[in-house]
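Following the hints, complete the assembly by docking chains C and D onto the known chain A.
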Amino acid sequence: MTLASDTPKDSFRLSMLIYDTRYRSYTIQFIVLGLVMLFFMWLVNNTITNLADRGKDIGFGFLWSRAGYDIDQQLIPYTNDSTHFRALLIGLLNTFAVAIAACFLATVIGVTVGILRLSNNWLVARLMTVYVEVFRNVPLLLWIILTYVIFSETRPVPKDYKVTDEMIAAGQAPKATMALWDTVAVTNRSTNLPAPLLDRPLGGFDFLSIPINLSVLATLAVIIGSVWFNRRLLKRAKAIQEATGDRPTTWWKSLLILFVPVILLLTAMGLHWEYPVLKGFNFQGGYSIAHSFTALTIAISLYSASYVAESVRAGILAISKGQSEAAYALGLRPNRTMNLVVLPQALRVIVPPMISQYLNITKNTTLGTAISYLDLKGTLGGITLNQTGRELECMMLMMLIYLVISLMISTVLNVYNTSVKLKER
Amino acid sequence: MSKSSFVRTAMIAPSLPPASERGVIKWLRENLFSGPFNTILTLVAIWAIYTLIKGSVPWLSNSVWNAESLRECRDIVIAQSGEEATGACWAMVRVRWNQFLFGLYEVSEYWRPTTAFALMFVALTPVLYYGLRRPATILVGVVSVLLVLALFGLGTDSGHILMMAAIMAVLTAVAWIAPKRLVIVTILFPLIAFYMLWGGSVWGPVGTFVGFAIFALVWWISQRFVGVVVAAAVGLIAAAIWWGTLQTAFTTALHTAMPIELLYIRSDDFGGFLLAFVIGITAITASLPIGILLALGRQSDMPIVKTLSVGFIEFFRGVPLITVLFAANFMLLYFLPPRTNFDLILRVIIVVIIFASAYIAEVIRGGLAALPRGQYEAADALGLDYWQAQRLIIMPQALKISIPGIVSSFIGLFKDTTLVALVGLMDPLQGVTKVVRSDTAWKGIYWEPYLFVGAIFFLVCFSMSRYSMYLENKLKTDHR
Amino acid sequence: MKKSVLLGALAATTMIAGFASAGTLDDIKARGELICGSNNGLTGFGAPDADGNYQGFDVSLCKAIAAAVFGDQSKVKYVPTTGETRFTALASGEVDVLVRNSTWTFSRDNDLKFDFVAVNYYDGQGFMVKKDLGVSSAKELDGATVCIQTGTTTELNLADFFKTNGIAYTPVTVADDAEAQRQYEAGACDAFTTDASGLASTRAAMADPTAHIILPEIISKEPLGPVVRHGDNNWGDIVRWVHFALVIAEEKGITQANLAEVIAKSEADEAADPEVKRLLGIGDNDMGVMMGLDKMWARNAIAANGNYGEIFEANIGTSTPIGLARGLNALWTQGGLQYAPPVR
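Residue numbers (our numbering), protein chains in the order written: chain A, 101 to 525; chain C, 9 to 488; chain D, 83 to 426.
There is no bait here: all hints are sound.
Covered stretches of chain A, as calculated for chain C (at least 3 residues, CB under 8 Å):
(1) 213–222
(2) 234–248
The calculated label-pair distances, taken between Cβ atoms and stated as ranges, are:
(3) A:136 <-> C:153: 43 to 53 Å
(4) A:136 <-> C:136: 35 to 45 Å
(5) A:359 <-> C:471: 49 to 59 Å
(6) A:327 <-> C:136: 51 to 61 Å
(7) D:291 <-> A:324: 57 to 67 Å
(8) A:133 <-> C:167: 53 to 63 Å
(9) C:307 <-> A:351: 52 to 62 Å
(10) A:324 <-> C:474: 45 to 55 Å
If you're looking for bench data, these hints aren't it; they were derived computationally from the structure.
All values derive from a computational prediction rather than experimental measurement.
Just so you know, even glycine gets a beta-carbon here, dropped at the ideal spot from N, CA and C.
Bound conformation, chain A alone (with noise of 0.2 Å):
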């Protein structure tokens, strides 16, 4: 609104409130203001009458009482002795799982299906298409349960694998066999996986009743570590390069700093595999990852991926064909072309909407509801709902949980959109 700052001074009229311009807005804003306060002691109001018609009050305290239910799928160590809040927390690294991992497929494959699309292979191209397009235009929810319907249809129950005695001296085989050389069995109710296991761990310590592992944090810094110092390598052989024109070999101690300390580290600690075996009902030993996670993972990535995938294809579409034809002009090959030319510019465009579709993906991890994934919004938002009956307690906290993480993620967004900002004019 432009003012003119020098108007001569009027004595003040109450008429002026509705119509100067100096004064309106903030007539208006006064007005908006009471009117969304009167709206929210509106709702403050029916709320407590209602609650109190109910007999019910508000109260955070179930939280620390027994939770009394048992969750298949738990990152921290949880029983049906633990609190509400420990499964609320249970629930809350089941979204993380799911979320980074989708978004980590999503990309990979959104990517590629993106290029692809735009491959001069005829075939591929017109599959991407159609790909891009079923997936687009089917709720999502619809992918989640038929992909999870498919493996557990699909796959072979457990007891397919098992192997008697009989059987062998019939000669027969099962019906079933492991993956990978015995390694790895996808059932229809889980994906078994190996192990590591240590002979000598370094121990762990609990904080804030999350157990913290001190081998694996070992490990990690250990890796860290060496791939600072292969960096540091790298660095000074560009820079010895540069100054003489020779570069000097660094491949084999690439490969030694990469690899020898974790060796010795693992070999020191004792490092070596449990395998999954057939025991009984189902397999024991080894990580055993339920379909619920993999389903929901799987279709959620999927379905994200062709949103990615239509953005990574605008975005190199919108560079501007000259760019690509200056690289071949300088003679760089097509791959490289990508890499270095289109691929850097392209990404200003492409980023943006990638990380809302990263926001997307952790919001549709609540569609797991459907196939009984317990993430947040199964223990918080559903079982412990719905065995302590505090559904605006529940409901008010897990809104504000999830609008904490989507908030985390728009300001990276807009950290993001400010630093790539193209400085103009």
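For chains C and D alone, kept in the frame of chain A given last:
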């Protein structure tokens, strides 16, 4: 003159290019096998297509269309193609198609939602082709024919078919004679559709309409004296007085005098794709104006209005739709006065409107942001006030830019209507499927309903997205 | 802009049911129909059929209540609820009575502020496994994967059972009965646990029922019955006594078929069973008034779908695909637990 010549006098026929450079082989070589990497890709693609076909074709080719239960289906497949064969049992769709489309809606009243659906296209005609005689007439005509055919297919009684055919004929004629007049249908469509779907006494919607008329009248008279915004508030108060106090008396009186009514259908009977369309279309139309206001609020110079808009938008964009739906189920009744009680469907529609308006607001903000600053300055220079500038200059352009975004929001919303099953409504994907599977005859059926519902969703969403792409190209006037 | 405001206002003006008066019964009478929270996906207990009409054991109780209040069993509106949404629907007043195989527990009674007014089905949580699994007792299920329906008491019972027996299991929570059955049949879980009645109904619908066995352990008590909100005792009494009326009718041998005959006989015969007379409102007996109903209430309730035994047989009894025996739900005179206080 017979002498040898050093230059050929007759042209020899051009020989064909080498085999690898012509016809199918060339095409194959260039498009599929142009290098080792491409060859591998092609082989992988062929393998993927082959597995897909190998997995699905026997199952599809063994389809059974006539059976009364899943077991009967399986028996037929085994009898036809041997012990190990599997086959799709589309008989389920044949028996239960009506629930997938209409839920538990009264069977004899199927013509009502169908007509409402057809009228929606008539209402859309002026939006799509304002004042264009030919396309408008073609669209209305085609819709009319399809409607009559559909009504025949649904087994509607001939009286209603004749009535609808007459109405549609009149509309087609209007589209030919005075295509701009169809706007009346657009304006009245919400009332008509509401009445067609729910039924009851005809005077309820009429009373509501009178309220709007009062609003418009009061606004028109008072806006000259007090300005647009205040006039709207005054009009709203006048209309609210009508709705709150006088309307009931008015409608009851009219109803006793002239009881014209359709069979009243309860919201709980809505289901299947009918429910998905009702939620999706209501939410998108209602969220458009709210979204525009929010977007304007977010761009406003007034800090309080801006903060409130930003807070509203970010909150609803930050939480997943499921939590909002559950909130509608669990929390909304806490927030309303004690003993207020209304339908779950209505509650769901309200929260979906709120949810969608936050997204629409962002789409429209994108449109507003894309406008060059010069447009605003030009409007100011012409001496237009805020609302005039918005109405005459800013919004027409911003909305045009936002159309693809709005359509894709709608597609997203339409797909998201499947989530209402999680709060117990009968959506086509999970709600109806659950009902079907709880029938002892169809227990254990799972691929067929999902594929059927998925195919319909695909058809609807795909055609909408294609249409929006077409529109985007058509409206592109900047020729960049 | 017009369109949407229009719809909002339409909704507001025509669909919000009013701010009603004191009692649930008055509300129902004013509204002209009973709102019954129901299951829409449990075979035999509550599910719409191909024509969209709700059918089942629990649904029949809703119909009987509507018949007792209005004399017309069709004046019911069924609100489908899920395991998760049912209690909120009741607490918020969205439904008048919840008849959705809900277990009567201490915390639901006291913490959620509900009244379980009767028990129309005595149940217990059991396990079903495939016969070729070679399991004959639930205690042999160490390490098994078990399917459970979420939002129910079975989750807590299951955790307690495995804990007290010191054996491990993997829970797979599923949203509804059909999904549980799909997973179980596909072998995604070794055992399926829910109320024994639900197990029987699921088993009956399987391709080969004999390939599945229901294990002998019943690990919990699951008294299922109609639920109303705390605080409106009159309405609670009505629901309770409609159920009892159906039980007494069975006890006295009054069926849907012979109802008219019994009425005629009792009216003619001075010496006819006085309790039957009181129940059916014959002569100057007018017990219904005490509850705010008319004297025909029990007649109408029985005429709707027959007595308790008839409803049982028609929906879940041995002649149906579900094939449940009366068991605990036989009358007390036949060794069961269904016992109604006298009408006096």
